[in-house]
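Keeping their order, the protein sequence lines are chains S and Z.
Read in the working numbering, the first sequence has 63 at position 63, and its numbers run on one by one without any break.
Read in the working numbering, the second sequence has 36 at position 36, and its numbers run on one by one without any break.
Some hints could be false.
What the hints assert, rightly or not - EDC-like mimics (lysine to aspartate or glutamate), calculated; alpha carbons at most 20 Å apart, straight line: (1) K258/S <-> D40/Z; (2) K236/Z <-> D213/Z; (3) K268/S <-> E33/S; (4) K303/S <-> E33/S; (5) K272/S <-> E214/S; (6) K53/Z <-> D246/S.
Claimed, not checked - In silico negatives: residues of chain Z with every beta carbon more than 12 Å from chain S: (7) K3; (8) Q16; (9) V48; (10) I69; (11) G76; (12) S198; (13) E211; (14) E237; (15) D282; (16) L286; (17) P298.
To be verified - If the Cβ cut is set under 7 Å, some of the chain Z residues that face chain S in the computed set are: (18) Q35; (19) G36; (20) G37; (21) S38; (22) W45; (23) D66; (24) P68; (25) S70; (26) A137; (27) Q139; (28) H140; (29) I239; (30) A312; (31) L318.
It should be emphasised that the hints constitute simulated quantities derived from the structure, not laboratory data.
Where is the CB? At the ideal position from N, CA and C, for every residue including glycine.
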Amino acid sequence: MQIPREVLLRSYRAMRTIRDFEERLHVEFATGEIPGFVHLYCGEEASGVGVCSHLKDTDTIASTHRGHGHCIAKGVGVDGMMAEIYGRSTGVCRGKGGSMHIADLSLGMLGANGIVGGGPPLICGAALSHKVLKDGGVAVAFYGDGASNEGTTLESLNLASVWNLPAVFVVEDNGYGEATASSYACAGTQKDRAAGFGIPYFECDGTDFFAVHETAGEAIAHARAGKGPAMVHVHLSRWYGHFEGDAMTYRANGEVAKERAEQDCLKKFREKVTEISLLDSASLDEIDASVRDEIEQAVIKAKAAPLPEPEALMQDVYVSY
Amino acid sequence: MSKKSFRQAINEALRQEMRRDPRVILMGEDVAGGQGGSADNPDAWGGVLGVTKGLYTEFGAERVFDTPISEASYIGAAAGAAATGLRPVAELMFVDFIGSCLDQVMNQAAKFRYMFGGKARTPLVIRAMYGAGFSAAAQHSQALYPLFTHIPGLKVVIPSSPYEAKGLLIEAIRDDDPVIFLENKVMYDDEEDVPDDSYTIPFGEANLTREGDDVTIVAFGRMVNFANQAADRLEKEGITCTVIDPRTTSPLDTGTILDCVAETGRLVIVDESSPRCNMATDVAALVAEEAFDALKAPIRRVTPPHTPVPFASVLENLYMPDPARIEAAVKSVMGYKAKQEA
Ligand SMILES: Cc1ncc(C[n+]2csc(CCOP(=O)(O)OP(=O)(O)O)c2C)c(N)n1
Ligand SMILES: [Mg+2]
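Here chain S stands alone, though its shape is the one from the complex (with noise of 0.2 Å):
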């Protein structure tokens, strides 16, 4: 399948905004300034983009407490997400949720959560709206490794099989859930749980934009055109600890090393653009500088943005106030 130059740029684009907006959360973490916990998406870059780059505004996603990259690769602006961080006024939800509350119902961003497996019924739940008013929307729950063994996937697993919902459930499996290794906490294979609730089954290699696109291309065309949902079971890596300060006393010395040297999926992309002529190396450089740019410039808005006023504590806890 040809993907048109203009998504491939688009697609790097999101990709490295991602990698540099967490690679400098990482750095700006240490300094003490940011409150809160704080979950990385580094290397997973490629399956949020790679699926995202098939839904448009009017689709729904919900995330994760990981949830920075899924939203960047929906469209919300960096300068919104960092002020949130840094728990801004000027911030996508007014500096009143943090890094795991992240939302954009405009964009059809339901959300990061700090509940695992808080997403998947949520997901039912907007890809019943797209069903029910025929908007010819489909609804994405990514969701990880671990929160796989939430009871509340597993119902949604077969409520969207029962309500042939057009759900698409994309399993983020970096191989750990916490400190703990899918291996040891999952049963059986993820394949297998979807075969079981009767949905079709895809997998690709997660640090391969490539691979992602094409996958999720299928599942998402299968469940836009109403023949209910579907499974895509990505396999990443992480490359920072489950959250900052994490030291990752659980996994292998060089582990990581070995994948951001030969599993970087932002590396793998220029490999292959380039190699195909797909595109040249120069307008990837450009947009390199370009969102080096546009993240130091969010951090820079961000510090010198206001704190909310205390009216704020006592405001959106009901509609009417």
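Given chain S's structure and the hints, the job is docking chain Z with the ligands onto it.
Frame of chain S; chain Z with the ligands shown alone:
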């Protein structure tokens, strides 16, 4: 006796009870950590904040169980195991995650004894972290003890210091009913002298951290420390307070609360949980009903507002009760007396 942190006190209580009774087992997400990991380090975490560190190394895979991220099944399994011969201590990590498994606690464990006509014993302990102050936002900061207190059949413990934590946790493990044991997440590094030997603190017996003549302050968990700080400052201005740490919200030591209010005639309640139907309303109702004649001023409650916990630190600080607000509440009830007498 030696200085121990809140974290160490809890770890020591678990360790001593596991040594004492082979039926005591531990389960939860990453209570050991590292299972199946490429580093072959199966005690890598010891809980997300390191509270159970070393217990896997001492007691092994026969007694320390890392769970999949499946709260409904493992909390339910702990309840089932408790009803059938084990004495499980299950860790829910953040108490907010009770949303994923409440049925197993509320409809199962809590009700076995009563529904089965007194024929079941469910010696289950569920440990979880609670509380704001970590910028952990709306889904990781709640103080949900009123939710559990509301459910007949559950006992609910909120230790206010390392010493309290050790004695109350050992008591919880030896108790034959389901116990919810809530640890304030910002207190893990608090230190004080804690006996090395094991000891228990009985449930339903409040602790008076200080005694005074003017105002009774009832405070829960971390709020006990805030109440003591406020009382220290007030004392310099000539206002003396009795501070009551009820230790357990279920059972609740109503006798001590009523006795103290009878002496001081004024009551301030400090509760970190959402203000509607919380411990402050519960204690206020108790005193209004049972000690009305003793009251010289209206009861004052110091709680957060009726909102989710906000992320930004500036808002979270506004949200949280603090010593200054407690001080102001005490002064306001003292002021009320002055107005009456004038
Ligand atoms: C209901 C619930 N249980 C536990 C947690 C704590 N927790 C946060 S992330 C996480 C691991 C999730 O693993 P996975 O789904 O594989 O996602 P990953 O972190 O690998 O992206 C856990 C246990 C939570 N937030 N919510
Ligand atoms: Mg994972």
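Results of checking the hints against the structure:
1. K258/S <-> D40/Z: Judged against 20 Å, a Cα distance of about 18 Å means the pair holds.
2. K236/Z <-> D213/Z: 14 Å, holds
3. K268/S <-> E33/S: 34 Å, violated
4. K303/S <-> E33/S: This hinted pair holds, its Cα atoms lying about 9 Å apart.
5. K272/S <-> E214/S: 15 Å, holds
6. K53/Z <-> D246/S: 15 Å, holds
7. K3: 25 Å, holds
8. Q16: 25 Å, holds
9. V48: Since the minimum Cβ distance to chain S is about 7 Å, V48/Z lies within 12 Å and the statement is violated.
10. I69: Not fine: 4 Å to the nearest Cβ puts I69/Z too close to chain S.
11. G76: 10 Å, violated
12. S198: 29 Å, holds
13. E211: Given that every Cβ of chain S is farther than 12 Å from that of E211/Z, nearest at about 35 Å, it holds.
14. E237: 27 Å, holds
15. D282: Label holds. Min Cβ-Cβ 23 Å, cutoff 12 Å.
16. L286: The assertion about L286/Z holds, with a minimum of 28 Å to chain S.
17. P298: 23 Å, holds
18. Q35: 4 Å, holds
19. G36: 3 Å, holds
20. G37: 3 Å, holds
21. S38: 4 Å, holds
22. W45: Result: holds, 5 Å to nearest chain S Cβ.
23. D66: This interface hint holds because 6 Å falls under the 7 Å limit.
24. P68: 4 Å, holds
25. S70: 5 Å, holds
26. A137: 5 Å, holds
27. Q139: 3 Å, holds
28. H140: 6 Å, holds
29. I239: 28 Å, violated
30. A312: 3 Å, holds
31. L318: 5 Å, holds
Violated hints, listed in ascending order, are 3, 9, 10, 11, 29; each of the other numbered hints is respected by the structure.
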